[in-house]
Amino acid sequence: MTQQHIKVLLAKPGLDGHDQGAKIVARAMMDAGFEVIYTGLRQTPEAVARTALEEDVDVIALSSMAGSHLPFCRKLKPLLEADGLTDKLWLIGGNLPAQDHQALSELGFKGIFPTGSKLDAIVDFIREQVK
Amino acid sequence: MNDRAKPGVKPEVQPVVNESGIAVKPLYTAEDVETSGGDKMVGLPGEYPFTRGIHRLMYRKQPWTMRQYAGFGNPSETNQRFKYLISNGQTGLNVAFDLPTQIGLDSDDPLAEGEIGRVGMSVDTLRDFELAFEGIDLDRITVSLTINGAAAILIAMYLAMAEKRGYDVNKLRGTAQNDILKEFIGRGTWIFPVEPSIRLVGDTIEYCARHAPKYSPVSVCGYHIRESGATPAQEMAYAFCIAKAYADEVTRRGLPVDEFAGRLSYNFNIFGNIFEQVCKFRAGRSLWAKIMKEEYGAEQPGSMWLRMIAAGGGGGLTFEQPELNIVRGAYYALISALSGTQTMALCSYDEAYTIPTEYSARISLRTMQILIEEMGLTETVDPLAGSYYVETMTNQMRDKMVEIMAETDAQGGIVKLVSEGVIQAKVSAQAYRMQRDIESGAFPKVGVNRYRNDSDEEHPVEFHPYREEDARRQVDNLNRVRAERDAREVARCLAQVGADARSGANLMPAIVAAVKAYASVGEITRELVAVFGRYREPIRF
Numbered sequence: 334m335t336q337q338h339i340k341v342l343l344a345k346p347g348l349d350g351h352d353q354g355a356k357i358v359a360r361a362m363m364d365a366g367f368e369v370i371y372t373g374l375r376q377t378p379e380a381v382a383r384t385a386l387e388e389d390v391d392v393i394a395l396s397s398m399a400g401s402h403l404p405f406c407r408k409l410k411p412l413l414e415a416d417g418l419t420d421k422l423w424l425i426g427g428n429l430p431a432q433d434h435q436a437l438s439e440l441g442f443k444g445i446f447p448t449g450s451k452l453d454a455i456v457d458f459i460r461e462q463v464k
Numbered sequence: 040m041n042d043r044a045k046p047g048v049k050p051e052v053q054p055v056v057n058e059s060g061i062a063v064k065p066l067y068t069a070e071d072v073e074t075s076g077g078d079k080m081v082g083l084p085g086e087y088p089f090t091r092g093i094h095r096l097m098y099r100k101q102p103w104t105m106r107q108y109a110g111f112g113n114p115s116e117t118n119q120r121f122k123y124l125i126s127n128g129q130t131g132l133n134v135a136f137d138l139p140t141q142i143g144l145d146s147d148d149p150l151a152e153g154e155i156g157r158v159g160m161s162v163d164t165l166r167d168f169e170l171a172f173e174g175i176d177l178d179r180i181t182v183s184l185t186i187n188g189a190a191a192i193l194i195a196m197y198l199a200m201a202e203k204r205g206y207d208v209n210k211l212r213g214t215a216q217n218d219i220l221k222e223f224i225g226r227g228t229w230i231f232p233v234e235p236s237i238r239l240v241g242d243t244i245e246y247c248a249r250h251a252p253k254y255s256p257v258s259v260c261g262y263h264i265r266e267s268g269a270t271p272a273q274e275m276a277y278a279f280c281i282a283k284a285y286a287d288e289v290t291r292r293g294l295p296v297d298e299f300a301g302r303l304s305y306n307f308n309i310f311g312n313i314f315e316q317v318c319k320f321r322a323g324r325s326l327w328a329k330i331m332k333e334e335y336g337a338e339q340p341g342s343m344w345l346r347m348i349a350a351g352g353g354g355g356l357t358f359e360q361p362e363l364n365i366v367r368g369a370y371y372a373l374i375s376a377l378s379g380t381q382t383m384a385l386c387s388y389d390e391a392y393t394i395p396t397e398y399s400a401r402i403s404l405r406t407m408q409i410l411i412e413e414m415g416l417t418e419t420v421d422p423l424a425g426s427y428y429v430e431t432m433t434n435q436m437r438d439k440m441v442e443i444m445a446e447t448d449a450q451g452g453i454v455k456l457v458s459e460g461v462i463q464a465k466v467s468a469q470a471y472r473m474q475r476d477i478e479s480g481a482f483p484k485v486g487v488n489r490y491r492n493d494s495d496e497e498h499p500v501e502f503h504p505y506r507e508e509d510a511r512r513q514v515d516n517l518n519r520v521r522a523e524r525d526a527r528e529v530a531r532c533l534a535q536v537g538a539d540a541r542s543g544a545n546l547m548p549a550i551v552a553a554v555k556a557y558a559s560v561g562e563i564t565r566e567l568v569a570v571f572g573r574y575r576e577p578i579r580f
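Respectively, the protein sequence lines represent chains Y and R. The letter at position 14 of the first sequence is residue 347 when you use the working numbering, and the numbering goes up by one with no holes. The letter at position 104 of the second sequence is residue 143 when you use the working numbering, and the numbering goes up by one with no holes.
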């Protein structure tokens, strides 16, 4: 059985500088054999959408630690839609209070991985969802 | 005695190696102290090499300063939290700024939308500092500014605010974090490329040495490097490499070491093994003294002092069963006290989730107060000295730090390694391995991989509310200041900032003049970016 090729965009949205978690997740994805485009810090919604389109990724993943996930995702959603990226898997992880999960889900984020999520859970979820 | 297992013979106990990579024995004797280097570096508190403390009487004379990190929303809201903490016995302030302020954006910048006042206090102009510190006696309460990329501007603002209120800047105490090299490794609030960033740190040190000689313009942070995945020995070794880079920048300009080194300070992290932590601080104190004396020719004892805030770090706290973080915090505070810190702070138990409530911040404060009032920790200086284990481990931790510093220099030095993302990749790889070890249970964490409460859905955490109307009010305030200030004076001051950035002059006089004219953080930053450009993050795994 050949392993499917999965390409992930992992972005740090907004001004948040806490990238320890994002880099750990990036390494876990690389270890799982995924191709990972890690953006680095300070990505605007426009930059995330543009990179996702240009890189033709299967997964668009955000790592947010500083609380601005909802305003960011509200701006990102129409941009991803406009670029025809609704068939991609949208994920978000980080410091995401339970009270915001429903809103993130309604914005189109299929995978929500708050602090405390296991690395393998993230990897397995991506493998299951990307067909 | 050889404590390593002989081939084919099952050891009586499992080998233990601490995070810094040093083997830990079941028993230590005088022989271990001898073979690790003896007791020649122990000395007495208040005397070179200061292993046992930088002051002779330490807490017997004055307990550590308690300085919880605080700030959110607009300056008036933060002022209320400051007053709450002070009324509860806090003896210093540590100001948290929001991300737009930290990276030099005004509140009306489109990139600041949704981020104003979210993780700290929002500051646009001097007016905000006037509001934030209103009614606070700056002689009695020292203020630490957790600001890095925009530090030169915010230090200028603090000095200008104090001067306006009638304080003598020559006598003003206080601290700014202003450690940009560690921002490139972790925390990420950089603005300018590496070289001009170091120049700005040099400008602040030089300016303060001449105009605000009691002010500590830099607090070199091992703390965030540790949070990013460094071991305790790396945390301190990299911090020393960074401090040396700043000292080199200033001595290159001709400032004698004894005119600035006494105002360099440090910020370190506490979590993990108690003895490894205490020995890290004892070892680091003597190593820094030795570096300043032997490499820089410092003569004043103050120039050799490792003055520090040693703070219970977020890296040790857990999202799971957050109330256990109260207990962890108490142990971290104990370690800090046993380590001879000058200033203490604790991440609060809910800090993995949100900005601490008044309630949780008060618990952290009371934790430190219990140590002072009830536990006898202020009575005797460096009480662990003379323990075979502690003295051996102190020697071994010092050797480990020396080894890491030598390796860093051999690879081209900290500035080069940070610029290329090498240190970042190294600590991040370690953080990944640690996370795997925590998830597998190889590295024990109570509540996470041991003794989980999977059925317990109730987290006793109250989320700090984010109010959009506060952000709008901050923008309104900025617009009001812009309408009221002397626009021609602002333009003149900003032009001077740009001119000095180009000429290579010390930027602080021009920045101080600009903030006094109520130029904003964003406006001054734009002038600097026009000359310096912006940092481009090296992505390296």
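Just so you know, the hints here were simulated from the structure itself, not pulled from any lab data. All values reported here derive from a predicted model rather than from experimental measurement. Check each hint, because a few of them may be wrong.
[To be verified] Among chain R residues calculated to face chain Y with C-beta under 7 Å, some are:
| # | residue |
| --- | --- |
| 1 | Ala135 |
| 2 | Thr228 |
| 3 | Ser267 |
| 4 | Tyr335 |
| 5 | Glu359 |
| 6 | Leu363 |
| 7 | Val366 |
| 8 | Tyr370 |
| 9 | Asp438 |
| 10 | Asp448 |
| 11 | Ala470 |
| 12 | Ala481 |
| 13 | Arg506 |
| 14 | Ile578 |
[Claimed, not checked] Stretches of chain R that chain Y covers, calculated by requiring three or more beta carbons in the stretch to come under 8 Å of a beta carbon on chain Y:
| # | segment |
| --- | --- |
| 15 | 64-76 |
| 16 | 305-314 |
Glycine residues also receive a C-beta, built at the ideal position from the N, C-alpha and C atoms.
Each hint, compared with the structure:
no.	hint	result
1	Ala135	violated, 11 Å
2	Thr228	holds, 5 Å
3	Ser267	holds, 5 Å
4	Tyr335	violated, 31 Å
5	Glu359	holds, 6 Å
6	Leu363	violated, 14 Å
7	Val366	violated, 19 Å
8	Tyr370	violated, 22 Å
9	Asp438	violated, 28 Å
10	Asp448	violated, 25 Å
11	Ala470	holds, 6 Å
12	Ala481	violated, 14 Å
13	Arg506	violated, 12 Å
14	Ile578	holds, 5 Å
15	64-76	violated (count 0)
16	305-314	violated (count 0)
Hint violations for this structure: numbers 1, 4, 6, 7, 8, 9, 10, 12, 13, 15, 16, all remaining hints satisfied.
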